[in-house]
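> Okay, here's what each chain looks like letter by letter:
There are 2 protein chains.
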Amino acid sequence: MSLETSEADLERVLGAAAAAARPFAASTPAERAGWLTAVADALDAEAEELIALAHAETHLPAAPRLKGELARTTFQLRLFGEVLRDGAYLGATVDHADPGWPMGPRPDIRRVLVPVGPVLVFAASNFPFAFSVAGGDTASALAAGCPVVLKAHPGHEELSTRTGEIVAAALVAAGAPEGAFAVIHGVEQGVAALRDRRIAAASFTGSVPGGRALFDIAMARPAPIPFYGELGSVNPVIVTPGALTARGEAVAKGYAGSFSLGAGQFCTKPGLLLVPEGHGLEDTLREAVGGVARQDMLNERIAAGFANKLAELRAAPGVSSLVEGDRQDLGCTPSLLTTTAKEFLAGGNAVREEHFGPASLVVTYADQAELIEVLDTLEPGLTATVHGEEDEAEYVRALLPSLTRLAGRLLWNDWPTGVTVSWAQQHGGPYPATTAPTTTSVGTAAIERFLRPVAWQGFPDALLPEALREGNPWQLPRRTDGAR
Amino acid sequence: MSLETSEADLERVLGAAAAAARPFAASTPAERAGWLTAVADALDAEAEELIALAHAETHLPAAPRLKGELARTTFQLRLFGEVLRDGAYLGATVDHADPGWPMGPRPDIRRVLVPVGPVLVFAASNFPFAFSVAGGDTASALAAGCPVVLKAHPGHEELSTRTGEIVAAALVAAGAPEGAFAVIHGVEQGVAALRDRRIAAASFTGSVPGGRALFDIAMARPAPIPFYGELGSVNPVIVTPGALTARGEAVAKGYAGSFSLGAGQFCTKPGLLLVPEGHGLEDTLREAVGGVARQDMLNERIAAGFANKLAELRAAPGVSSLVEGDRQDLGCTPSLLTTTAKEFLAGGNAVREEHFGPASLVVTYADQAELIEVLDTLEPGLTATVHGEEDEAEYVRALLPSLTRLAGRLLWNDWPTGVTVSWAQQHGGPYPATTAPTTTSVGTAAIERFLRPVAWQGFPDALLPEALREGNPWQLPRRTDGAR
Numbered sequence: 001m002s003l004e005t006s007e008a009d010l011e012r013v014l015g016a017a018a019a020a021a022r023p024f025a026a027s028t029p030a031e032r033a034g035w036l037t038a039v040a041d042a043l044d045a046e047a048e049e050l051i052a053l054a055h056a057e058t059h060l061p062a063a064p065r066l067k068g069e070l071a072r073t074t075f076q077l078r079l080f081g082e083v084l085r086d087g088a089y090l091g092a093t094v095d096h097a098d099p100g101w102p103m104g105p106r107p108d109i110r111r112v113l114v115p116v117g118p119v120l121v122f123a124a125s126n127f128p129f130a131f132s133v134a135g136g137d138t139a140s141a142l143a144a145g146c147p148v149v150l151k152a153h154p155g156h157e158e159l160s161t162r163t164g165e166i167v168a169a170a171l172v173a174a175g176a177p178e179g180a181f182a183v184i185h186g187v188e189q190g191v192a193a194l195r196d197r198r199i200a201a202a203s204f205t206g207s208v209p210g211g212r213a214l215f216d217i218a219m220a221r222p223a224p225i226p227f228y229g230e231l232g233s234v235n236p237v238i239v240t241p242g243a244l245t246a247r248g249e250a251v252a253k254g255y256a257g258s259f260s261l262g263a264g265q266f267c268t269k270p271g272l273l274l275v276p277e278g279h280g281l282e283d284t285l286r287e288a289v290g291g292v293a294r295q296d297m298l299n300e301r302i303a304a305g306f307a308n309k310l311a312e313l314r315a316a317p318g319v320s321s322l323v324e325g326d327r328q329d330l331g332c333t334p335s336l337l338t339t340t341a342k343e344f345l346a347g348g349n350a351v352r353e354e355h356f357g358p359a360s361l362v363v364t365y366a367d368q369a370e371l372i373e374v375l376d377t378l379e380p381g382l383t384a385t386v387h388g389e390e391d392e393a394e395y396v397r398a399l400l401p402s403l404t405r406l407a408g409r410l411l412w413n414d415w416p417t418g419v420t421v422s423w424a425q426q427h428g429g430p431y432p433a434t435t436a437p438t439t440t441s442v443g444t445a446a447i448e449r450f451l452r453p454v455a456w457q458g459f460p461d462a463l464l465p466e467a468l469r470e471g472n473p474w475q476l477p478r479r480t481d482g483a484r
Numbered sequence: 001m002s003l004e005t006s007e008a009d010l011e012r013v014l015g016a017a018a019a020a021a022r023p024f025a026a027s028t029p030a031e032r033a034g035w036l037t038a039v040a041d042a043l044d045a046e047a048e049e050l051i052a053l054a055h056a057e058t059h060l061p062a063a064p065r066l067k068g069e070l071a072r073t074t075f076q077l078r079l080f081g082e083v084l085r086d087g088a089y090l091g092a093t094v095d096h097a098d099p100g101w102p103m104g105p106r107p108d109i110r111r112v113l114v115p116v117g118p119v120l121v122f123a124a125s126n127f128p129f130a131f132s133v134a135g136g137d138t139a140s141a142l143a144a145g146c147p148v149v150l151k152a153h154p155g156h157e158e159l160s161t162r163t164g165e166i167v168a169a170a171l172v173a174a175g176a177p178e179g180a181f182a183v184i185h186g187v188e189q190g191v192a193a194l195r196d197r198r199i200a201a202a203s204f205t206g207s208v209p210g211g212r213a214l215f216d217i218a219m220a221r222p223a224p225i226p227f228y229g230e231l232g233s234v235n236p237v238i239v240t241p242g243a244l245t246a247r248g249e250a251v252a253k254g255y256a257g258s259f260s261l262g263a264g265q266f267c268t269k270p271g272l273l274l275v276p277e278g279h280g281l282e283d284t285l286r287e288a289v290g291g292v293a294r295q296d297m298l299n300e301r302i303a304a305g306f307a308n309k310l311a312e313l314r315a316a317p318g319v320s321s322l323v324e325g326d327r328q329d330l331g332c333t334p335s336l337l338t339t340t341a342k343e344f345l346a347g348g349n350a351v352r353e354e355h356f357g358p359a360s361l362v363v364t365y366a367d368q369a370e371l372i373e374v375l376d377t378l379e380p381g382l383t384a385t386v387h388g389e390e391d392e393a394e395y396v397r398a399l400l401p402s403l404t405r406l407a408g409r410l411l412w413n414d415w416p417t418g419v420t421v422s423w424a425q426q427h428g429g430p431y432p433a434t435t436a437p438t439t440t441s442v443g444t445a446a447i448e449r450f451l452r453p454v455a456w457q458g459f460p461d462a463l464l465p466e467a468l469r470e471g472n473p474w475q476l477p478r479r480t481d482g483a484r
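Chains as they are written, first to last, in this note's numbering: chain A, 1 to 484; chain B, 1 to 484.
Check before you lean on any hint, since a few could be wrong.
Because identical chains share one entry, a pair is satisfied inside a single copy or across any pair of copies.
Said to hold, decoys possible - In silico lysine to aspartate or glutamate, DMTMM-like type, Cα no more than 25 Å apart, as pairs:
no., residue 1, residue 2
1, K67, E48
2, K67, D98
3, K253, D108
4, K67, E165
If you're looking for bench data, these hints aren't it; they were derived computationally from the structure.
Okay, chain A solo, but in the shape it has when bound (with noise of 0.2 Å):
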């Protein structure tokens, strides 16, 4: 039994964003660090809770899993504090008149980032908490000074519940507008909130299947907004002949351990191992896979899902399968299939898409030229991952070009399912990782995606926003006549 908002309940939360959006963008960004500070304590101090009910309706272990999960939400929460208190987010920037500019003569000019209004947020079914109700996007959107509006996901519908209203009466209690955070449900629900004129940009996790009609909706209203989806990745690793070499076993194990992770439930799950023909590491690799416990899927939507993308991976031409996993309800035991790379560049969607589970495709490649025509004809995602030794340097330095253009985020002799919250963390590629390539979803930058710039000129100084004004009194980092 799915919740649904009623469509007055709807309106009623529509209204209340779009009035809270003015108070709101009139905080300082110390009040709303503050804010955010205040729901991160909300929600640690009902941990026990919050993770009993995730538990019970993702089947996501309790520990480390959803713990640690808890603990990064409320982190990324304290770190857009971070952002704030810092300012450089604003990129204030005055210029001074200037009679003498060459272009002729230039007026006072200062320009800084405000708030885009209202956001809406579509949950992910994967990350209950960290790309859900308080997370990432509802981070970035409330440091920005966006009221948000959040679809909760059907997949955890209780836990949403209860997590919107700590974090609504936290944002209350700390001095926030009333009405700038609320969760809805039902899927009706979300794309009528979509269309909404007072919602000004929007963001998703999810599926390229999903993802995309929500774009298409966005893109289609009279006046289109901005819509941040994170999509789909197949998250290539590619083991150079140099590393097969010194160390191709603990690279499969690695590689076994990652791409069945929480059930292999991870955008950034390897769905490719690229590795030289011949590797001769087909029995780690079936001892290593094998060994793998079954483990819930997080509901049956996406079981049967991975079942059928699956069966069509096992049936594609030229792929045979490594270790065959099996399915009882929602426990799944992880599957492993090959094939060669003059198969794969033959073949169509089925050994290029994603599958969201717990499988992965081992393409063997003959030479430097095949491994490379592979990465030229992969779709972007959002990682790309090479295990290599320092000494192959000039071999790794002729991929670079490829796999800068296939992926947000690069990793060397390290997995793609750990993503850490930092200022340098990318998150994104261009689609269909994202149908926003310059933005990222995780990171402080992820706040840039809900500010727009404003520039004012010739104003007095008590007219013009404290970010800009003469005195500098929010003591920002600011680029003053193009001087930082």
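With chain A held as given, fit chain B onto it using these hints.
Frame of chain A, contents of chain B only:
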């Protein structure tokens, strides 16, 4: 007779742009700064020929208009050279490995912006230099490291061809890769290029219907791409009660000059003047507008389109004429109309839409509440202007949230038709001002449109891009471990 690029030539241009993308991306910012300067020098050297061509095709006065526009254009190219030498645009960020990172051990991760790939630029009709072949979109895309395919505007195609020859030759002579810049002609050719998978982003300056049609094509691609359309803007100007009393006549004269400048063919033309009812400026306005000399519009299509829209505005309920301009072939004298805020609020598209040409609408408001009501029903645009007195700070402050929602640039006691190129400039706004409200098409921040972030996790120094190496060989401003 319109020029048309042949199918074979279009294929050659797109193939060359794709082939140039990697060598172009591999150039250093300092190299590209030199290339942009070489282009600027080459254009300046041919100024006489180019201005004559532009005048013949657009009917714009050679001096000061076209001469000034070319100076603006070459200045802009050189300013992006400064952006490249400054280096902050790369957003280089270094997070060292940190085992004590609160959410769990952090790997070494480093983020920098990279070029998106080949950019398709649709040139504008009304700025044959500054928003055309060597204009702001081209300058910012080349600065970012992206090859450019330039779709010429049919309103000045000989100029476009000649400018394109100069730009392409200057780039190659300065050392840029062959194929990094080319001009194409033809509506169908532009659409075919926009649909081509080798194009990674597109930009456009022009009308709402034209821009929306191209935006829809870009969004409907199998892999949608960023589309930066700068479309329409009404550019309201508010006269406060204080400004009316203190200097109403001067404001009226300034308004007449601004909306009729260049035959009203600026995207920043003030299309609405909001002035207190009973203003008593009718005679001043009639005299100032009546004294503006007849000016040629850009071409027959634009002149005819203007006449149609003006007829709709004249026929709109409650609208009356203050000055009835006329048209002789391309030559137009300006028209001024007036209505009340009440009629405006009850009115439809005819009073609310941009009229591209020498016409504007004076709207009288009863009080501040009615003024704000009008502002809050306007569609967003590029600019909003206030003519006020410093002792009215409270009155103006109450308008600012409405104005900030409404535009990308706010002006005080000035006119929006001048758009300086500088670090703080913002030329954009929510739809229909643009299709990308988080960006600008003028000013140094325009480069951000053509860059996407990539993070490098755990890479050895020798394999990192120069911008991210530990020794910071380019001496970039970087954020390291959260500290600026």
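> Please name the hints from earlier in the document that this structure breaks, with their numbers sorted from lowest to highest.
none
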